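J.: Next come the chains, spelled out residue by residue.
Protein chains: 4
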Amino acid sequence: MREFSEARNWVQFHDPKSLVLALVGEVGELAELFQWLPADQAQALASDPKLKQRAGEEISDVFLYLLRLADELGIDLSQAANQKMSASEERFAISDVHGQAPLKS
Amino acid sequence: MREFSEARNWVQFHDPKSLVLALVGEVGELAELFQWLPADQAQALASDPKLKQRAGEEISDVFLYLLRLADELGIDLSQAANQKMSASEERFAISDVHGQAPLKS
Amino acid sequence: MREFSEARNWVQFHDPKSLVLALVGEVGELAELFQWLPADQAQALASDPKLKQRAGEEISDVFLYLLRLADELGIDLSQAANQKMSASEERFAISDVHGQAPLKS
Amino acid sequence: MREFSEARNWVQFHDPKSLVLALVGEVGELAELFQWLPADQAQALASDPKLKQRAGEEISDVFLYLLRLADELGIDLSQAANQKMSASEERFAISDVHGQAPLKS
Numbered sequence: 001m002r003e004f005s006e007a008r009n010w011v012q013f014h015d016p017k018s019l020v021l022a023l024v025g026e027v028g029e030l031a032e033l034f035q036w037l038p039a040d041q042a043q044a045l046a047s048d049p050k051l052k053q054r055a056g057e058e059i060s061d062v063f064l065y066l067l068r069l070a071d072e073l074g075i076d077l078s079q080a081a082n083q084k085m086s087a088s089e090e091r092f093a094i095s096d097v098h099g100q101a102p103l104k105s
Numbered sequence: 001m002r003e004f005s006e007a008r009n010w011v012q013f014h015d016p017k018s019l020v021l022a023l024v025g026e027v028g029e030l031a032e033l034f035q036w037l038p039a040d041q042a043q044a045l046a047s048d049p050k051l052k053q054r055a056g057e058e059i060s061d062v063f064l065y066l067l068r069l070a071d072e073l074g075i076d077l078s079q080a081a082n083q084k085m086s087a088s089e090e091r092f093a094i095s096d097v098h099g100q101a102p103l104k105s
Numbered sequence: 001m002r003e004f005s006e007a008r009n010w011v012q013f014h015d016p017k018s019l020v021l022a023l024v025g026e027v028g029e030l031a032e033l034f035q036w037l038p039a040d041q042a043q044a045l046a047s048d049p050k051l052k053q054r055a056g057e058e059i060s061d062v063f064l065y066l067l068r069l070a071d072e073l074g075i076d077l078s079q080a081a082n083q084k085m086s087a088s089e090e091r092f093a094i095s096d097v098h099g100q101a102p103l104k105s
Numbered sequence: 001m002r003e004f005s006e007a008r009n010w011v012q013f014h015d016p017k018s019l020v021l022a023l024v025g026e027v028g029e030l031a032e033l034f035q036w037l038p039a040d041q042a043q044a045l046a047s048d049p050k051l052k053q054r055a056g057e058e059i060s061d062v063f064l065y066l067l068r069l070a071d072e073l074g075i076d077l078s079q080a081a082n083q084k085m086s087a088s089e090e091r092f093a094i095s096d097v098h099g100q101a102p103l104k105s
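Chains as they are written, first to last, in UniProt numbering: chain A, 1 to 105; chain B, 1 to 105; chain C, 1 to 105; chain D, 1 to 105.
Hints were generated in silico from the structure; no laboratory data involved. Quantities reported herein were computed from a predicted structural model and do not represent experimental measurements. Hints may be right or wrong, so weigh each one.
Remember, identical chains collapse to one label, so a pair may be satisfied in a single copy or spanning two.
Using 25 Å as the maximum straight-line C-alpha spacing, the simulated SDA-like pairs for lysine to any residue come out as follows [said to hold, decoys possible]:
id: 1; residue 1: K84; residue 2: L45
id: 2; residue 1: K52; residue 2: E32
id: 3; residue 1: K50; residue 2: Q100
id: 4; residue 1: K52; residue 2: Q41
id: 5; residue 1: K50; residue 2: L37
Modelling step: build the complete structure from the supplied sequences, incorporating the hints.
T.: This is the structure we're talking about:
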């Protein structure tokens, strides 16, 4: 994403607020794929190749802007995500939360 | 994330619509970090260790739900993102778009 | 909202991008209220006074930033919404769409 | 919105989670209008009739789903928003917060 953006001279547009808005745009497209599907049919989406393809594209769009944002902020996404997982494993002890709807993190 | 969720018996809550809503919640927290900062100060965020730490956590939260969603849908995020990059490289030829604000993808 | 913001000298922060990010933050809080509820229990939310109160507050937060954004852009929300409804009534003729999941508008 | 939805037999799709996702889709379209504009040019949007028209439509889309959601939950949006404003006026005393970036509400 960094190379892609530099090659097109697009890094000038990639301040954090603009990147978050772009990410929101892609999250909106992801939401639209699922919005009117009954919850159980949304699950079945995975077996429809055409919808799965589109879901993969929208998820990727969100991911790529997220990666671009992390890069602009000097954040190593892989490292940050691993730290967050470790913190969550400690915070939500299995014996405390098993089978209960997770509290918002 | 899959192991973490299975160990807590949380996969039962992870239908696509619920995961997208959870992701939206985390995107909201990410947006709140930047909302009132002047655009140029948002850029400077990277040099403030405390804000960078929080940004890393919120970006990770979005990423982890995105990964969980991809997993539930049977999507290989790494593969999907690489395909999307290749498609974008073709769609936005450097000679056509250099230095112009990218069209929404 | 305009008077409230002017009295606090907050209009200086209310450029459109910042207001959309603030709105996204509130949408995130609204999403969190519903994210882990089974679809049918989300419907029952209306009968739980405490949850209904919180939903009303989050919906109001989204609405108030939306109103502030419209005001900053010189848009009369009431007039714009009525125009949109008229356009949708024409676009989605009852005989064409009755009982079918609406296309995204 | 209620009459419009009932006439098309669309209320069946309007459980809270689906409506929030639809709202997220419209917020995404609103974000896309502004994402790559420099903050100062976003402000100037109001003077471009074509962009103002589009912004009015996207703001209306968000508003109409918000209204539909409030209606489904039995919430009087006008009353809830007025209550929220009163609470904010008390919470953010002018003498305390004048000219300081508002805390997230």
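J.: All hints are to be evaluated individually against the structure, with a verdict given for each.
T.: Status of each hint after checking the structure:
With identical chains, the CA atoms of K84 and L45 are at most 25 Å apart between copies only, with a shortest distance of 20 Å across copies and 29 Å within one. Taking CA atoms no more than 25 Å apart as the test, K52 paired with E32 passes in both settings, with 14 Å inside one copy and 24 Å between copies. Taking the shortest Cα distances, K50 and Q100 sit within 25 Å of each other only across copies (20 Å), while inside one copy they are farther apart (34 Å). Taking the shortest alpha-carbon separations for K52 and Q41, only the intra-copy value of 13 Å comes in at or below 25 Å, while the best inter-copy value is 27 Å.
For a Cα distance limit of 25 Å, the shortest separation of K50 from L37 inside one copy, 15 Å, qualifies, whereas the shortest one across copies, 28 Å, does not.
Hint compliance for this structure: no hint is broken.
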